[in-house]
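Trainee: Residue numbers (our numbering), protein chains in the order written: chain A, 1 to 241; chain B, 1 to 304.
I should point out that these hints are in silico values taken from the structure, not numbers from a laboratory. Some clues are possibly wrong.
[To be verified] Here are the simulated lysine-lysine pairs, DSS-like style, with alpha carbons at most 27 Å apart:
| id | chain 1 | residue 1 | chain 2 | residue 2 |
| --- | --- | --- | --- | --- |
| 1 | A | K14 | B | K90 |
| 2 | A | K82 | B | K108 |
| 3 | A | K236 | A | K82 |
| 4 | A | K14 | B | K137 |
| 5 | B | K296 | A | K82 |
| 6 | B | K74 | A | K82 |
In this text the structure is predicted, and so the values were computed from the model without any measurement.
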Amino acid sequence: MLRSLLKLSWIEIKVFLREPMGAIGTIVIPVILFLVLGKSAGFNQPIASASLPVLVSLFIAINAVLSMVNIVSIYREGGILKRLRATPLRPQTILGAHILVKLLFTAISLLLMFLAGKRYLIFQAGVSIPSFACALLLSTIGIISIGFLIASIVPTARFAQPIGALILYPMIGISGLFVPIHRMGPIIGTVARILPMTYAVSLLNGIWNGDGWSHHLGDVAALVLFFFLFSALSEKFFRWE
Amino acid sequence: MPRVIHASGVRKTYGRTVAVSDASFHVDEGEIFGLIGPNGAGKTTTMECIEGLRKPDGGEIQVLGLDPFRQSRKLQDRVGVQLQLAQLQKRIKVWEAVDLWASLYRGKSVDAARLLDQLGLTEKRNAWFMTLSGGQKQRLFIALALINDPEVVFLDELTTGLDPQARLAIWELVCGIRTRGKTVFLTTHLMEEAERLCDRVAIMDHGRIIDMDSPEQLVRRHCPERTVIVETEFPEALGLFQAIPGVEEVQLDGNRFTVRGIGDLVTHVIHCISENRMRVSDFRTILPSLEDVFLKLTGHSIRE
Ligand SMILES: Nc1ncnc2c1ncn2[C@@H]1O[C@H](COP(=O)(O)OP(=O)(O)OP(=O)(O)O)[C@@H](O)[C@H]1O
Ligand SMILES: [Mg+2]
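Build out the structure end to end from the sequences listed, making use of the hints.
Mentor: The following block contains the structure:
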């Protein structure tokens, strides 16, 4: 079980890095975005209600999720999933390997971002990079669950990534980042509250601004809950071919 | 002999297409069993139901005493599968794929290096999957099907796209699997392949199994006709051949006679030739093969 998971993850990492744009697309582009935005708007200036690192981190997470959606749908269309299914592998192991790989790349992206912005960023007292990294990984896990569902339902590989983007990016709009949730009105507010993005934003923002984890146990619980809920849903709807 | 595969009344529909309407058969241990039939006959569907990759709408299937759908993982551990259409990650290397597959199964796996060698893939072990030729991909998939030293091997169109040399090598490999007491379930479009490899074949058309037996028995049962080709300038040959008991048809093309009939046709023709002291410049017999059985039973050639 564990051996298969690690082996599959390791192969997925190698395969991904061999893709001509693979590493650059998912790991480097967010860092470049961060530097460009930082240089023009100021690294510590708040954009909307979050500072730049939080915004870019969110972008890193979404990017990773979209990449997973894309890969899973390509694997399905190409019959790779079907071939894997004709082995003792559990479906959870296959998806688990993809999550693991994406979390790893998210962490690397984040690290690169901090290294690139080291000279410019002003850290709040009480914020540590490992702590923020944990928050980002948790957020990614929460968002990746929606990615699963999208990957399970969207029929063709060609549309998987655009549809994923169409679903995920607007979620930022109502995540409380631009307009506080209590000012959104009852309907949109409720919608916002049932989306993992909202909790990811709240957690990332909070940790970045020096909140203790104890203030955000609710966000953490929500993200984990979303993960299990959407994983269960996608397992129900998952198509192998 | 213990039953390895038992299928009865298997039925599978896709929307309004009935892919398999009522397939019943069994495969014994140590046997090579072949499923033959034209495109769209339902071979792949049947095989994938047995492998637990598709859920049949009806019927009962047991493989090694297991329910392929409900006990899928237990079963997958003991069988090897080569799918008709499959891909791997574009940029996975040959050795990585074999290594990964070896790690997926509990316990025993065969010597990967030797397997790659047998399949002529040693040279390609560091090549990416996407750079392999069609035949090389096919051979890799056969390697993956054999990596766990399975008790039952499923091969869907095992030599499609292979050159004659590779085909022979794989036939040898498959015969080797049987020698080691394993069971093979294959589908093929090549009648020659079925005749050479299979202990028993089932002929499938329109989702139904039309007949099932050893290739020799099938030929004997369905194609008792014999054909003799004689080239002679003997003047009354046509009439003489037509008078042979059992002859159904004599065709004449120049001085070449094609005599078709049933029963002891060959002996009779030889007898007729010697009795009339005909001078013969060519003499050939054509024995019916599985291909002829197939034509007869399905009404169309397998190569449409
Ligand atoms: N996933 C599917 N969805 C819908 N119809 C399908 C599906 N798979 C197979 N069919 C249909 O079921 C029938 C049987 O297909 P199947 O693939 O089992 O045939 P086959 O005997 O393996 O043919 P071939 O020799 O071409 O491989 C065909 O009419 C095919 O169009
Ligand atoms: Mg087929």
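Trainee: Is the straight-line distance between the alpha-carbon of A/K236 and that of A/K82 27 Å or less?
Mentor: At roughly 16 Å apart (the allowed maximum being 27 Å), A/K82 and A/K236 satisfy the hint.
Trainee: Check whether the Cα positions of A/K14 and B/K137 lie no farther apart than 27 Å.
Mentor: Status holds; Cα separation ~20 Å.
Trainee: Does A/K82 sit within 27 Å of B/K296, going by the straight-line distance between their CA atoms?
Mentor: Not OK: B/K296 and A/K82 at ~36 Å, beyond 27 Å, violated.
Trainee: Decide if the proposed pair is consistent with the structure: A/K14 and B/K90, CA atoms, cutoff 27 Å inclusive.
Mentor: holds, 11 Å
Trainee: Taking only the CA atoms, is the gap from B/K74 to A/K82 under or equal to 27 Å?
Mentor: Distance ~17 Å between B/K74 and A/K82 Cα, so the pair holds.
Trainee: Has the given pair, A/K82 with B/K108, been kept, meaning a C-alpha gap of at most 27 Å?
Mentor: It holds: about 23 Å lies between the C-alpha atoms, which stays within 27 Å.
Figure legend: structure checked against the earlier numbered hints; the only hint not met is number 5.
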